[in-house]
Amino acid sequence: MQNRVISRQDLAGFVDDLIKTKSAGDVIGIKAQGNKFNFGPLKSATELRLDYDISLLPPKKYFFPQQETVLKYEVEPAFKVEPVVEERMLCIIGVHPFDIRALQLFDAVYGGNNPDPNYFLKRNNATIIGVDCLNPIPKSFAASMGTNTVEEGFDLMLTDLGGDWFVTVGSNRGDSMMKKYGKGREATNVDLEKRNKVRRDAAKKYKTSLKMKPDEIPALLDANWESPVFKERSATCFSCGSCVMVCPTCVCFDVQDDPALNLKGGERYRRWDACMLPGFAAVASGENFREHKEQRFRHRMYRKGKYLLERYKYLGCVGCGRCGTSCLADIALPADTYNLLKEGK
Amino acid sequence: MVMQLTAKQSIFLPRIAQIVRVDSLSDREKVFEFVFDDGKELGHKPGQFVEVSIFGVGEAPISVTSSPTHKGSFELAVRAAGSLTNHLHTLGKGAKVGIRGPFGNGFPLDTLKGQDLLFVAGGIGLFPLRSLINYVMDTRQDFGEVTTLFGCRSPQERIFLDQLDTWNSSKDMCFLETVDRVPDDSWKGNVGVITTLFPKINIDPKKTYAIVVGPPVMYRFVIAECLKKGLAEDHIIMSLERRMKCGVGKCGHCQINGVYCCQEGPVFTYAQVKSLKEAV
Ligand SMILES: Cc1cc2nc3c(=O)[nH]c(=O)nc-3n(C[C@H](O)[C@H](O)[C@H](O)COP(=O)(O)OP(=O)(O)OC[C@H]3O[C@@H](n4cnc5c(N)ncnc54)[C@H](O)[C@@H]3O)c2cc1C
Ligand code: SF4
Ligand code: SF4
Ligand code: FES
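Residue numbers (my numbering), protein chains in the order written: chain A, 1 to 345; chain B, 1 to 280.
Derived by calculation from the structure, the hints in this document are not laboratory data. The C-beta atom is built at its ideal place from N, Cα and C for all residues, glycine as well. Hints should not be assumed to be uniformly reliable.
Per the computed footprint, the stretches of chain B lying under chain A, defined by three or more beta-carbons under 8 Å from a beta-carbon of chain A, are [as the list claims (entries may be wrong)]:
no. : region
1   : 11 to 22
2   : 73 to 86
3   : 125 to 137
4   : 243 to 255
Let the sequences and hints guide you as you build the complete structure.
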């Protein structure tokens, strides 16, 4: 696999080629949405905003949609139940390294003992073209999480060298895509050093940081179950679930039925659910195992900083900053809570 | 990462089963017997559960109450608690439902073999425990002394009355039951919470495993009694209830701290539960 350097124009040509030929499936890219950014179907390379700061929703929505039909059933005239598994071939352009890291956690969760076809029939065929994040949002602390760059989990990774683009090739698929396109030139060590400098400079732009090494978080949490920080910080929580809905690593869902109007059939769907909502852990006998908002707040902090790591080898937070940005009470950012615990407050 | 999967492997796809018998157990509880359309067995272990689907209503986790020693069909005992369970109660013989599973770890049969057993069931905690008790009674030579304690709130809430009678008159089991309170004097048995039965039993703590299933409040008191009897923490086994939407370790609803109750549970030893916060 050979890294390459290509001009802005050639990169645009590469993207337009993908759109026209659909050789890697439907092309999704990062685009402007009002004065913010979001992933959506790409009609032309000119729509691409690789200079973006953060996408409103993480790209997980293409593999784990907000709402997804999983079964179709008929009860009349005959009793019939069929799985619904949408298979898609997608090429997603402009995924930030921390969002790639989040997808690796998703792969671990949705794989394992009971792999989920609804996830993998979309994920397996996906081409991921990443882009290094050079304009982090104020709440992002990816640099201190070590997720501002990634070495794997992508087919191609783009880095803006100012004039040209550095293309890090991360897979055989990415390699053959570049070779087939043919434009640009092989990257030299000088180019590689330029790329690394761009990355180092970008790392300095992060305004929020975790004041410890990420692997210290589990022990910090272990020592702080009773800490007043959870109650104090969650006092203003609206239990709205926004922090969960925007998070690239939140994997949980609810399952509901949607009967057709004639009641002779219908669909079963799953949709994103949030452990910050009051009923998430309520059972029919009347117990609610996380009835109070401080319990839910604490659970989320442990889930992000400890439980997922112990279960799947990936931390449940990649430091993207979305939760902190979307939280009206400004309490959701895990780094803020971990830093407070570390300071012993 | 590429994993060869097909739609047929959907984690949401149930097998279709038909209700072949419904018996009322009390005002709020019924037991349903099911046979799969494809004629196959459920293949469960005592303590495992299934996700029952009524299409148009949803799914709910329900323990299998019959013993795997009973072949050809399986039973679910269900309290009408909400939308799915109430709807199930309106269904009769011939109705079809979806079944996913069996899920969960079930009771640790290998550990229990050859040991003395103390079953403690509170109310509908008897539903999951009945599967194990009947399994033990059907393979009685594999186990030591068996003691069963059953408690419910009032005589009206007693369930599986025939079964209770059989156990009561069995020479293979010491059976004691109690009710919390009585409305009149028609009840001649013990009155008092389930812990009041503990002084009446004689167990060898070295050889005994307690298997306790009931509502969360019961656990706190019963575990204290078991410890007082000298049982080790890993000789106390319990089954926990959580909200469960998938049964396969994905939806996240059943988390107890970092533990997924549908995967590592629902059966845990007290030694395990003790190290978890928010467990009972
Ligand atoms: C492993 C396991 C084994 C079980 N075994 C049995 C068994 O053998 N027999 C049996 O009868 N039951 C059993 N249960 C309990 C059973 O699963 C519940 O009674 C059932 O899920 C209720 O479903 P429903 O659709 O009828 O109720 P729902 O309509 O889902 O809910 C009814 C009640 O649940 C609570 N609730 C639901 N959703 C929310 C929400 N969003 N916010 C707040 N509260 C909410 C409320 O209290 C509500 O009134 C078991 C549960 C588990 C986890
Ligand atoms: S932490 Fe903030 S975003 Fe999350 S539920 Fe509470 S108020 Fe909503
Ligand atoms: S918890 Fe917040 S900062 Fe961490 S990955 Fe989720 S949205 Fe991003
Ligand atoms: S029930 Fe869905 S993860 Fe356990």
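For each hint, the structure was consulted:
1. 11 to 22: holds (count 5)
2. 73 to 86: The restraint on the region 73 to 86 of chain B holds, since 3 of its residues have a Cβ under 8 Å from chain A and three suffice.
3. 125 to 137: That given contact is violated, which follows from only 0 residues of the region 125 to 137 of chain B lying within Cβ reach (below 8 Å) of chain A.
4. 243 to 255: It holds, with 10 qualifying residues against the three required.
Checked against the numbered hints given earlier, this structure breaks only hint 3.
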